[in-house]
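**Student:** Sequence:
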Amino acid sequence: MATDLIKVEIIERQTVKPSSPTPHSSTTTQLSVLDQMVLSHVYFPTLLFYSGNNNITGSGGGATSTGMEAMRMKERDYCQHLIRSLAKTLTHFYPLAGRLSKGNDMIQCTDDGAEFVTARVKCSLSQIFEHPDPEMLTGLVPAIGQPDGDDDGVSTRLPLLAVQANLFEYGGIAIGLNFSHKVVDGITASAFISCWAKTALDSVGDDDQVPFMVPKFDAASYFPPLDFLNSSQPSSAELVGIIKQDKCITKRFVFDASKIATLQSNLARALAPHAPTRVLVVSALIWKCAMEASSKSSNIPPSSFLLTMDLRRWFEPPLPQNLAGNVVGILVVTATASLKGQEESNETIDLKDLVAKLSKGIAQQKETYPTKLPFDSNEALQRAREYEKLRGNVDMYHLCSGIWCRFPFYEADFGWGKPTWVSVPSIGCKDAFYLIDKRDGKGIEALLSLSEEIMEHFESNPELLKYASVNPRVM
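Under the numbering used here, the residues of the sequence shown are numbered 129 to 603, in order.
By construction, these hints were calculated from the structure, which means they are not laboratory data.
Among the hints, a few may not be true.
What the hints assert, rightly or not - Derived pair list, reagent style BS3-like, types lysine-lysine, alpha-carbon separation capped at 25 Å:
#1 Lys230 to Lys145
#2 Lys500 to Lys488
#3 Lys500 to Lys424
#4 Lys570 to Lys594
#5 Lys344 to Lys326
Said to hold, decoys possible - If you anchor each label on the Cβ, the simulated ranges turn out as follows:
#6 Glu581 to Ser349: 23 to 29 Å
#7 Arg212 to Asn427: 58 to 64 Å
#8 Leu329 to Lys570: 21 to 27 Å
#9 Arg141 to Gly545: 26 to 32 Å
#10 Ser254 to Ala400: 41 to 47 Å
#11 Arg141 to Gln236: 18 to 24 Å
#12 His209 to Thr496: 26 to 32 Å
#13 Ala271 to Ser349: 40 to 46 Å
Glycine is no exception: its CB is placed at the ideal position from the N, C-alpha and C atoms.
Please model the entire structure based on the sequences and the hints provided.
**Tutor:** Dropping the structure here:
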């Protein structure tokens with residue numbers, strides 16, 4: 129199915145505010161230094177698909193007028209169910225109902241609300257599953273307007289969370305979410321989805337009962353913010369320009385559990401006596417194939433690979449698991465190709481060597497990253513500057529990753545069963561990829577964004593195709 133064949137009709141837009149007013153003592157939330165170093169206009173989307181056989185009835189083309197009216201009433205019930213439970217959830221995730229301040233230092237938690245969009249999709253869910261093109265899925269996630277702020281892109285009017293309920297013909301629904309990365313990381317976003325689903329599922333129970341661990345929005349007390357307004361420090365727009373918004377294309381690659389097990393077995397010797405994780409081997413394979421695809425000749429350029437680590441687990445002692453915001457550290461590993469034989473023009477990358485280098489590099493970075501209190505915010509800033517300097521090297525190829533494996537997305541039951549499929553639409557950021565679990569929790573889906581030229585070489589790499597399928601249908 130081509131992208132332009134999907135028609136999405138917006139039925140209604142509304143603002144959902146917390147069901148209970150945010151206490152006066154919590155009307156401002158200080159951003160941590162890790163929040164400050166994220167660009168204000170960066171949002172990350174998530175899509176959860178629920179099949180029509182999960183008690184979600186859609187409007188088929190052959191329905192009678194009476195049947196159509198009944199279906200429309202059910203659709204309204206589903207959306208109202210989502211809206212009511214969203215309002216309850218926002219009382220605990222109140223910064224997502226706020227707006228950013230101009231100074232890149234706090235969130236005004238004045239219950240401005242999250243955006244909720246109801247949309248009707250002019251195709252069946254089975255058509256989406258037959259050809260699940262990431263570029264095609266962008267219309268299922270609510271669009272965020274352009275920032276009206278200063279050079280840092282800070283806007284005091286844009287919502288920090290937008291949700292879109294997509295109703296399909298013949299049944300099924302997709303919930304699309306767009307989170308401000310300035311406010312949450314992947315773990316906080318996952319926690320929000322889980323809490324919203326549990327609230328919806330338990331909505332017939334005791335309203336005073338909280339079916340989840342309440343988040344703590346006090347990361348600034350662990351990671352002190354810096355004063356960018358009254359100092360010579362550069363703005364966040366100058367600090368973490370990691371996201372490259374150049375023209376690119378996003379494609380989906382699926383690694384089944386059996387293929388990953390084979391890949392792990394083939395690479396086990398490189399990390400002996402430790403067994404390589406599935407995320408490590410898939411990341412290394414993608415990095416290797418992207419490095420090779422980026423080469424315009426037989427010479428493969430040196431490369432950097434960026435990934436993040438969850439500081440909640442790596443701090444000593446560990447930080448609270450319900451600590452919300454951006455609680456991640458940046459790790460960067462570099463690699464170069466080696467000569468094959470005596471021919472200087474014949475370079476190669478050995479996957480075993482790359483896996484070992486990636487594993488060792490991650491371990492070394494974790495040892496040197498500040499993981500004790502008091503946290504040195506200036507050192508974190510310096511690390512960001514060093515990475516930006518590295519990215520300025522145009523003779524290197526730079527790849528960024530986002531790892532969403534082991535997040536409980538597939539447990540999100542709003543009252544009509546667990547998701548059939550969870551995915552990410554077109555990333556829109558060049559030289560970046562997300563990894564997310566398959567429904568079985570063992571396989572991995574990769575959403576990779578590259579220039580069209582590099583993608584053409586990447587997706588035809590024989591080594592990649594030994595382990596991955598290019599955009600197979602959703603089973």
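**Student:** For each hint, tell me whether it holds in the structure or not.
**Tutor:** Here is what the structure says about each hint:
no., hint, verdict
1, Lys230 to Lys145, "holds, 22 Å"
2, Lys500 to Lys488, "holds, 22 Å"
3, Lys500 to Lys424, "violated, 44 Å"
4, Lys570 to Lys594, "holds, 18 Å"
5, Lys344 to Lys326, "holds, 18 Å"
6, Glu581 to Ser349: 23 to 29 Å, "violated, 47 Å"
7, Arg212 to Asn427: 58 to 64 Å, "holds, 59 Å"
8, Leu329 to Lys570: 21 to 27 Å, "holds, 25 Å"
9, Arg141 to Gly545: 26 to 32 Å, "holds, 27 Å"
10, Ser254 to Ala400: 41 to 47 Å, "holds, 46 Å"
11, Arg141 to Gln236: 18 to 24 Å, "holds, 22 Å"
12, His209 to Thr496: 26 to 32 Å, "violated, 48 Å"
13, Ala271 to Ser349: 40 to 46 Å, "violated, 34 Å"
Checked against the numbered hints given earlier, this structure breaks hints 3, 6, 12 and 13; the rest are met.
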